[in-house]
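Colleague: Please construct the entire structure, taking both the sequences and the accompanying hints into account.
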Amino acid sequence: MKRRTSESTYSKIFDAFNIFLMLIFCFLTLYPFWNIIAISFATYSEYLSNPLLLFPKKVVFDNYIYLMSDDTFIRSALVTVFVTVVGVLYNMLLNVTAAYGLSKKNLPGYNAIWGYVIFTMFFSGGLIPSFILVAKWLGLMGSIWAVILPYGVNVFNMIVLKSFFDTIPSSLEESAKIDGANDILILVKIIIPISMPAIATFILFFSVDRWNEWFNVMLYIQDAKKYTLQFLLRQMIVRSATQVTQGVSQAAVEEYRFMIGIKMAAIVLATLPIICVYPFLQKHFVKGIMIGAIKG
Amino acid sequence: MRIVRSLEGSEISYGNRNLARTIWRNRYVYLLLIPGLLHIFIFSYIPMYGVLLAFKDFSITRGILASPWAGLKHFERALGFGKFWQVFFNTLKISFGKIAIGFWVPIVLALLLNELKNRLFKRVVQTIIYLPHFISWVIVYGMVVSIFSAEGGVINKLITYFGGEPVNFLIEPGAFMGIIYGSEVWKGAGWGTIIYLAALSGIDQELIDAAIVDGANRFQRVIHINIPSIMHTVIILFILRIGGIMNAGFDQIFNFMNPVVSRYVDIIDTYVYQLGLVQSNYSFAAAVGLFKSVLACALLLLVNFLSKKFTESSIF
Chain U
47 MKRRTSESTY SKIFDAFNIF LMLIFCFLTL YPFWNIIAIS FATYSEYLSN
97 PLLLFPKKVV FDNYIYLMSD DTFIRSALVT VFVTVVGVLY NMLLNVTAAY
147 GLSKKNLPGY NAIWGYVIFT MFFSGGLIPS FILVAKWLGL MGSIWAVILP
197 YGVNVFNMIV LKSFFDTIPS SLEESAKIDG ANDILILVKI IIPISMPAIA
247 TFILFFSVDR WNEWFNVMLY IQDAKKYTLQ FLLRQMIVRS ATQVTQGVSQ
297 AAVEEYRFMI GIKMAAIVLA TLPIICVYPF LQKHFVKGIM IGAIKG
Chain B
69 MRIVRSLEGS EISYGNRNLA RTIWRNRYVY LLLIPGLLHI FIFSYIPMYG
119 VLLAFKDFSI TRGILASPWA GLKHFERALG FGKFWQVFFN TLKISFGKIA
169 IGFWVPIVLA LLLNELKNRL FKRVVQTIIY LPHFISWVIV YGMVVSIFSA
219 EGGVINKLIT YFGGEPVNFL IEPGAFMGII YGSEVWKGAG WGTIIYLAAL
269 SGIDQELIDA AIVDGANRFQ RVIHINIPSI MHTVIILFIL RIGGIMNAGF
319 DQIFNFMNPV VSRYVDIIDT YVYQLGLVQS NYSFAAAVGL FKSVLACALL
369 LLVNFLSKKF TESSIF
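Those sequence lines, one after another, are chains U and B.
The opening position of the first sequence corresponds to residue 47 in my numbering, with each subsequent residue numbered one higher.
The opening position of the second sequence corresponds to residue 69 in my numbering, with each subsequent residue numbered one higher.
Source of the hints: derived by calculation from the structure; they are not laboratory data.
The hints are all genuine.
Computed footprint of chain U on chain B; a stretch qualifies when at least three of its residues, placed anywhere within it, have a C-beta under 8 angstroms from a C-beta of chain U:
#1 88 to 98
#2 107 to 116
Computed footprint of chain B on chain U, listed as stretches where at least three residues anywhere in the stretch have a Cβ under 8 angstroms from a Cβ of chain B:
#3 80 to 86
#4 168 to 179
#5 189 to 202
#6 228 to 240
#7 319 to 333
Since we're looking at a predicted model, the values are computed, not measured.
Note that the Cβ used here is the ideal one computed from N, Cα and C, for glycine as well.
Modeller: What follows is the structure in structure tokens.
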């Protein structure tokens, strides 16, 4: 009896310690976000004088007002929305159809098709040949399609989606087939509706990738009017920070400091859509990943 | 002759005529496969043909076919070049560093999360720690700057507030590597718990009850039930991680890097970008890239073989 009580005491101490650890981990995760939000709402003089700046004494919206009246920012937000919407539609079209096809193991030629798809996970031509393909052979240099098209298929996601389709009992399809429905109709009318959790998960994953796109913009886009938000942010943050770390001029440092509130506000605005959407889909994507995991 | 299941579920065998009929019956499935397969052909297979330019003296005006052959010149040049070996070993160093520092964090986090009794608290914690996964490296760098920069970063503002001298963490090689590893853990550790939590949630409750009856305390249950039950997942993820060792994280390093620290953090991918797309040294860059692709492919085949052997399940 005595041992039991002491054990449950240890257990309680552990629980308290565990909760404490989790709170620390959450704080470490959230602090960088909070810091950026605080800087974006603080006045420049308070940013300079208050080292921790957990809660700005005076909340100002100047940085946000500046961004909202800045054509470059608004335009790249619109470009990003376009890239995300069109890109995700394109992703879903290609990946869902191919994943459905790949779930038909009895298809004549299936092994060859599977090998053809899987091989791309092992070997890739690399950056330079892909660049030559898009820029020269496809002639997409400077076009927004050079940003959208190359990421059409994600073989890994396609396979996870396929293993989700594998779990659907084939009796559902067979009865529809007897009623005369063809495979395209079955996919649209039966498979997609009952796979909504998986579909929603991949819409989220593809949307995040598209929203965060900057690399292809750097490779193929010269016209600043076609910059995505992330690339614009990269120009604002990475470039100026590199200049400052090299200590170019006092003027550059001053300007860098003065711009910081605007940059942080831009980060907040560019991150907001993701933060708003993802908690609602959490249940789905956890399920989606678990299916991928079980498939192993 | 192959055996297929017919619509009615009975097994039939078919010859050439029946094969044609089966293909015709599945015509819509092929139709659905075409867009994805075509896309893979254009964006994955044509670049594989493009690796030819690693064996040529490629000029963008002449194109691949008309450019003169260079044999293995570019490979020989790369292998005899100090910079190449520097980026090669940086790639390995950073990859192994990330594994050593980051691989166990999600495992421990998942085990701890699994011990939380309050379900609401657990869910809130999960929501918070998954969040950084969705943030781009560009933005993570913005956060790094706002915390570590010598010009108005939080830490340096605190140092000067207490009368110290500011330290430029972003050009101090040791501190910079710490930021690389730390931000990697910050971004990925929470997300990494999902797969382990899935394995933990699959534990049979009867097993736990039986252990309680046998007098196992909580710590013993974690050691003898929870950890063994995620071991399979741990091994598979570890093997996969080793297979990806040639990818040290382009997005992160490319955004974080500055000229002062570049010799410590330049990896193969950033080097290929610099060579090919900044200096327009296409053939040499393609040769370095191909070297990496071949090595990565060999590694993946090896780990796939190992995983088949040890876990009886092929990853691919």
